[in-house]
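Residue-level listing of the chains:
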Amino acid sequence: MRLLLAIVAALATTRCAHHYNADGMVMSIDAPRRTIVISHRDIAGYMPAMVMPFRVRHPSELSSLKPGSRVRFQLAVKKRSATISHVAASSSSNSNSPAPLLATKLSIGQSVPDFQLTDQQNLPVRFSSFRSKVVAINFIYTRCPLPDVCPRLCANFARLQKRFAGRDLVLLSISIDPQYDTPEVLAHYGKIWRADPADWHLLTGDSRAIQEIAAHFGMVYWPEEGAMTHNSQTAIVARGGRLAALVDGSAYAVSQLGDLIEEQLAR
Amino acid sequence: MYRIALILTFSTALTTNAADINPAKPKDKDMCVAPPGANAPALPAKIMTGQGVVHFPITTSSSEAQQFFDQGVAQMHSFWAVEAERSFLQAAQLDPAAPMPHWGIAMVAAGDYRPRFQLDRDAPLKPAGKKPDRYGAEGGTARAVAAAKKAVALSQVPGKATDVEKTYIAAIAARRDPGSADRDEGYIQGLRAIVNADAGDIEAASYLALHLMRGFTTPDRAPRPGSMEAVELLRKLVAKAPDHPGVHHYIIHGFEGSTFARDAWPSCRRYPELVTNIPHALHMPGHIWAQTGKWDEAAHSFETAEDNELSYMRADALYGRYHHGHNVQFLITTYCFRGDFDKAMEQSRGLLALAENPNEAKAIDNPYTAYRQGWFGVLRTLVFSEQWDKILDGATLPVYDKPREQAWRHWATGLALAHKGARNPAKAELRAMVKSLDALTVATKDDVPPALEVARKELEGQILVARHKTKQAIATLESAAKMERALRYTEPPSYPRPVLEVLAELALKNGKLSVAEAAYRGALDQYPDHKVAAEGLALLSPRHPAPRRLSRGGHERRPSV
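Residue numbers (our numbering), protein chains in the order written: chain A, 544 to 810; chain B, -4 to 556.
Be careful, since some hints might not be right.
Here are the in silico distance ranges between beta carbons for each label pair [stated by the list, open to error]: (1) B:307 with A:665: 20 to 28 Å; (2) B:436 with A:672: 53 to 61 Å; (3) B:264 with A:797: 58 to 66 Å; (4) A:566 with B:433: 44 to 52 Å; (5) A:749 with B:433: 42 to 50 Å; (6) B:231 with A:665: 53 to 61 Å; (7) B:356 with A:665: 32 to 40 Å.
In case anyone wonders, no lab produced these hints; they're calculated from the structure. Keep in mind the model is a prediction, meaning the values are calculated, not measured. From the three backbone atoms N, C-alpha and C, an ideal C-beta is built for every residue, glycine too.
For reference, chain B alone in the conformation it holds in the complex (with noise of 0.2 Å):
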């Protein structure tokens, strides 16, 4: 028996210290999972293909409400927040006196149905009283709790909903309760007494593995505080319910970032052959081919995603913009490290040609535009590839005038003057990318984002190599290393190239070779099989005749050791 009190008079102990969570700065995030609408969708819902299969039966007296049900929880499973609602409220239509329908309304409209590490990623991005952001999950919110609370009203009428369905409900409202002074704990505690009753609830279990799962801290990996229950919840559930889509999917974000990973990659096959037509669906098996380096693997997962967003796109032109962006930049990242720099050029001016919109334009920093990660497609590639040359051209890597994207600008420029001997322009290039994070840090009133502070430890570094000051070239790039590996987790990596590789040839150039190996190891750990480091490592094999060239993908690196 499920008792709706039993959730709202739930302990508010946390199950986590939230000191734990260590919540990152805005800067940190990505553009992983497509924005929910600000409004609630106008159009109706159709029912589309490749959505992936769910039955999940409520109480109504809809066939056809029950369809679009159903076809809803799908599109939540691969957080396609959009579509999920536009199909419950198709179905709350069909079926007005029906609860779940607005259940399902009140789990996706706010756009929150997503891990649990990212909402605490995330959850700085709207400090209280803050206006509403662009995204519209403000908007999305108020939706949400009116909803849960409609679900509640209409679960109340004798006969519309079963004692699970009251708890489902219940569990929403206590999410959805602005009152409540912890609305996650209250929401997995009604999760747990579902699944408690009934062990074989694939779709309360699979609820509650998203929201337990809260990442893995970096670089040592270190689960943190329920991320294993999720875990071992998920390889229960897909032994249940092999061909269920959340559970791959919840696979994928729950392995994402641990020393397992490469446990994740049967649903990395499956997921995308059971959604076949939802953009995330396609692309998020990358995440763990790219960390597992199965590049192939990783670049068909974002290639494949790409085709079909752009499907979406070119038949609608309201069709956002930002995820696509996001999985753009993770396949130019996958060519990078796979050499293939020529095809990840190709696709970094595909994104530059999507202009932003003036809203766009305006923003001060805003990363996550599709044509400012084409932006930084082209700095990651001409800075892996070393391409020197080009980004002192002035032309391949055009001048965006924000501070960010300068500092960035500045630090590519002063790596290629370094390497190129040109000690006091570099520290000009460096002093003047000092100066762009200062504009950054008054305009965003915040910290420089980690990634830049590695940037410019990196730079401090590679002018001390051309000072031919070795030992404090290699003391300085190991501390950026350091650094870089610190950073949160975030998919692709926010920094464009791995520290770890340009230490190790500096050692290795030097004949400092345990220093070299060391840093290899490490690269090879950080990103398994980069043929990179791969190399390298080969080199200082005792069997090895002689080091030899290093080559990135056709492109001469740097010279013989």
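Isolated chain A (complex conformation) (with noise of 0.2 Å):
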């Protein structure tokens, strides 16, 4: 009788609950607590876009994702707890946008190995000399003739250097063109931005030591008749060198990035 009580209940508590559909982009996640920072969008009808975390109802839910990964998910709010549940990766490539070679592809928590390139100002950089800042990495190039791929991850870097202003925060454009995207050309492109080189380089080099940088970071790309094929990846290293996370495409929201820094800003 008691079982069929609390059964009763249960399905009284569930049928109040109220789901939200909901995206956003993992900011962290504590397996064994169950629960996962999201930077999320609008939940229509619920709480504006915000940094919160949820406790998932299914575990295994969790085990796919990793920070940066941009995920759907529906909220279920009863009246004294909140879960989240149907928790999907989905990615912002386009559906045309190559595959990462996973073999090559660093691990959340590796070390970013060290590199050497060039800057818009002709000076050499080296990756190994931030590792007291946090780095956002992205990789574009200058003649990407789709408004939506390099101009937007450029558009979003110039947004993330006026949030972060004067904070411990490194930005980093590798050209994925650099045969083309000489230190001059560079220049030309980082002022259309308005890129300070001080904290916001965008490099060139030797072409397969960048292919060989942009593989750690699951970039693939490749000539195709007067264009590069290739996907969008940008990364996050937290202070030290250790890549914190990886943000798949270019369509995601800029202020989820931001909030990813921010986090590791905040370590």
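Hints given; two lone chains; assemble the complex.
As structure tokens, this is what we get:
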């Protein structure tokens, strides 16, 4: 009889729950506590965009997620608790984008190997010199004709530069078309985005070296009849040089990327 | 007085019967023209040297816009769609109110400013409802349609376009009208209106000729409807404008595959003098030189084009490779006909060094990548020179695990085994070839490529030779030769070597002199001045003491007869 009452009560509670579909970017995961921190967009009818922790109903749903993953989920809000379920990673890459080569891709938490490239001021830039800072890295090419891809990535970095001005953040935009993107070309391009060369380096260098660096972050690209076929990856590297997050595609909300950086800066 | 409305309400009657055109399957196309960009060029244009000199005065407030417009027209005349579009975009930026730069974009962005017979041939490549092809032609078409609308809108502003310009714009707008029942006819009628009003308008007349030429049939080289009108128009134009790059270029295209291809020789000399810095312009004379037996001149054209194209490729990692693959494949073919097999092999290996990108590599059937052109170059060279041991060593011709290439490899291996008298292994290769062809038809949901049908027939003939069934072998090879000559016109020829020469040598060896003579004469008609056929025919001369050994470029080809 008690059991029956418990079931009826549970059903009544469930019936009272409100469900909302939402999406956002994973900031961090605490598997033992079944908790995930997500920077989510507006949840219509419930709350505005913000960063907040959610308890996951099924812990198995966390297994494939990493900081930087873009997710869709369902939020169930009851009288005294809220949980999320149906958590699914969503790629923001174009379906025609090449898939990353997993064999060379770094895992979250691994150290990023050092490299040296040349920036828009024709100065050498060594990655390891930024060990005391948080570093955001993306990959672009200046003659990219698609406004939704490289120009958008640069626009995002321009906003990050503004948001984190004076703080311990370094932005690196590495060209995947280094033969064309000389320091002079990058300097001109940087001016378009008002890149301050003190904390936003647009980098070029040996094409093989760049290919190697790009592979660490799951970047795949190749020239194809007048354009570059490529995917898009944005990496957040924590102080000390370990990979903290990897964001796929270019269609994410820049505020979410900013939240990811904020979290690293706060550590 | 020209009227836009006149163009847009032209009759939809066809000047030719579509059934006469016999569109080819995708496998018959080539990569003779560099594809347009998938996206509009992102970088500004520069004034480039060696593009050919053309002056097409337009209504504009900017002399610089006129300069870029002229450059765009010159580049268009050499089918360099990407650069032409870039030049027109620059002109449009310099004078945003001028309608004609948008007319230029509408002309070139779709990548279909090419000879009509190529468009007929490639038409089945993009059936309605299919996803965009990898060359971005659909994206280019959208840009062309938008540009045509823009040109029409700007031309309606008082004082911004002359009546002739309005007619040019109306013509291309008709071609870019998705709702039109016959876009080609509207375009042609618009150009005819300009030419009828002013026979001295070289530009309109040359565009018209290009869109009228529907090529020549095989093997009889009879003109298709429209082709002779184009030829006559071009003969008149070259007299009026002897230094116009487009006119010479279109003469080469308009005469190729005809019985009078030699008439294009003067244009083959003049065109690369007028346009020195566009790979396609340097390449094109080779088409005529090759099919008229001028192998040395053909090699020179392709070599010059290759040097020019490599300079662009070295300067820009994004420069495409398809046209380069086509040009070098033609150079390899020319070297084979000339007997320069070592050079043919070297060029083939050069293409094999251009690894396919992941998209190309995953394509089940894309024989046009530079790598696969190189692979086919190796196959062509080894079979042409009858280097059977190298075919059988399993290394010289690398295994390329795609059905089309596997079918060709089994064919070559079968030929090699048959020539060595290994009948049963040769038959096993034939069976393996058929299996690969089945896999190809399943993968492509299409028929067996016609050149591979010829190959299967030839291999059957060679197996009969190995089985000493000479009479049947000759009949089978005659059938294969007939099929080969009926292949649709492509340059370079899609079949690796002339079957008629193989037939002639078999007949000669077996004392069937009349069969041998007919086959050699046919081979010389197919490929004039080819040394092997010419020497073979000489052997049959009554004045000749006795048939001797035949050779190909230093490689002993077969035992004496």
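Numbered hints the structure breaks, given as an ascending list: Violated: none.
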